[in-house]
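Quick note on numbering: full-length UniProt numbering labels position 81 of the sequence shown as 81, and the sequence is numbered without any gaps.
There may be inaccurate statements among the hints.
[Stated by the list, open to error] Listed below are the simulated SDA-like cross-link pairs for lysine to any residue, each with C-alpha atoms no more than 25 Å apart in a straight line:
id, residue 1, residue 2
1, Lys128, Ser84
2, Lys396, Gly406
3, Lys285, Gln354
4, Lys180, His98
Keep in mind that the hints were calculated from the coordinates and are not lab data. Nothing here was measured: the structure is a model prediction, and the numbers come from that model.
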Amino acid sequence: MSLNSIIWSSYIMCSSRFSILPVQNLPFIENMEKRIKSASLLLDASLGHCFVHGLEHQNANVIYNCLRAYAAIDNTRNAEEIFSNTVVAPLMQKIIPHGPSEALAGASGDELESDYEQIKQCVEKDCKFLLDISSAENSGLHVFDFLANSILKEVLSAIQKGKPGAFSPGRPTQFLRNYKSSLDFLAYLEGYCPSRSAVAKFRAEAIYVEFMKQWNVGVYFSLRFQEIAGALDSALTAASLAPVQNSNSNQGNSQALTLKQSATLLDSMKSCWRQDVFLLPCSDKFLRLSLQLHSRYSNWLSSGLAARSSGHASFNPGNEWAISAAPDDFIYIIHDINCLATEVSGDYLTHVLQLLSSCSSEVLDLVKQSILEGGKSLSSMLPVVVNTIVDALVEKAVEDLRQLKGITATYRMTNKPLPVRHSPYVSGVLRPLKTLLEGERAMTYLTPEAKNELLLDAATQITSRYHELAAELISVARKTESSLLKIRQGAQRRAGASSDVSDHNVSDTDKICMQLFLDIQEYGRNLAALGVQAADIPPYRSLWQCVAPSDRQSLIKF
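Build out the structure end to end from the sequences listed, making use of the hints.
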């Protein structure tokens, strides 16, 4: 049959099918139906041979007329299948060999990027001519979808048979590369769509949906979640703070994180948005994961500080680090919190917003707010960390201040004269504070403002404890002296001596108060050496009034 005969026959056959519908149950019509079906099979075969001939020789006129015929008889699937079998399938077999005799590709052989590049070249060379014909304006051939039902169908089949491991999320890095390469390939195919409606039609095709179902991004995210969250958990379950290598000597880079726990947090948060990890369809999950990582670090820090404050780490085995940490270890934490807050609200936030730039402004505002809130919650813990350092310094200072009790033993019931110099313990009270502030860590990682805040808080609390212990000592001394005086007066009355005889000598309590007065003057000078004006601290003024002689009460001077 000639091409024109085939085309006219197709039109006649199409008309015949519709004309017999109203009377299709009559006997002669049933007999005619059989003849029509037989003729249809012959026509389909002839049209198929003609279409194959046109494809093999890239004859635009033959292809155009064959496609019109297929459209007329509403048999687009046959045309798409013939194109698949004649042109696309052989090309796919060459690019991605598959079949019973082909060995399964290994891990290194499941990459798709280079395959897609070859497929693009083949589409340009061997398929474009048909795509141009079927998508021509006013051609009436838009009922065909060779992109989906021929090209994409064969690509999917070739990958499933030749490289099934390409779809496996079990190797996340390779899975991501293949997924992104596949999206790029789909975008390339969409470039052949003449309109937005054609793109929408292409994406709605069953084979397109099936192709996208092969990529189990949910499992991929789960594996990444375990990998990223597991790294942070491993760092946070360490029994002690772990300084980053060279953190002690790296004074020239005071903005770098100092603890492995903090560095792992930042690395983990950044991993969520790395090019070789992040997937836009999972953007909400990666955002949630990054916020959970931030929260996990904050909880680790707050629970550790609470355990140190209460002195109990046994309730949560992950808190040992806080119990064993030295006061200057917490300088690392102060520094890292500041660094993390700066990074999160700066470069990190900018990078995340860039990756999500395709989202609406409302979504971006919510993302920005949630990230900044995480940074603020971490920064809000700074006062607690400072208090932890101060508490440790106060505890060490109190160890020296407890030597106040020795003053009572020195002057009670003895004939020692009034003291003229301060006690030895005074020089040790502020030594831990001085050592910490002048140490390498404080000099490197604490800002002047942070050092001054720490100094004033510690000095105030140490002085407050000093006042408590001194006031207690004097109160006990006076009570003891009063009791001894009553005993002595009772003995004098029993002996018949006058009980009105008064002792004009300096009392033991006066000697104790004088010793304390000398001590707090030296203590005030030590505070001044650190940069703190003792008279500006309320507890020091109370301490002065507690032990100073009556003629020195109004003016603090030493």
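Structure-based check of each hint:
no.: 1; hint: Lys128 to Ser84; result: 14 Å, holds
no.: 2; hint: Lys396 to Gly406; result: 18 Å, holds
no.: 3; hint: Lys285 to Gln354; result: 17 Å, holds
no.: 4; hint: Lys180 to His98; result: 23 Å, holds
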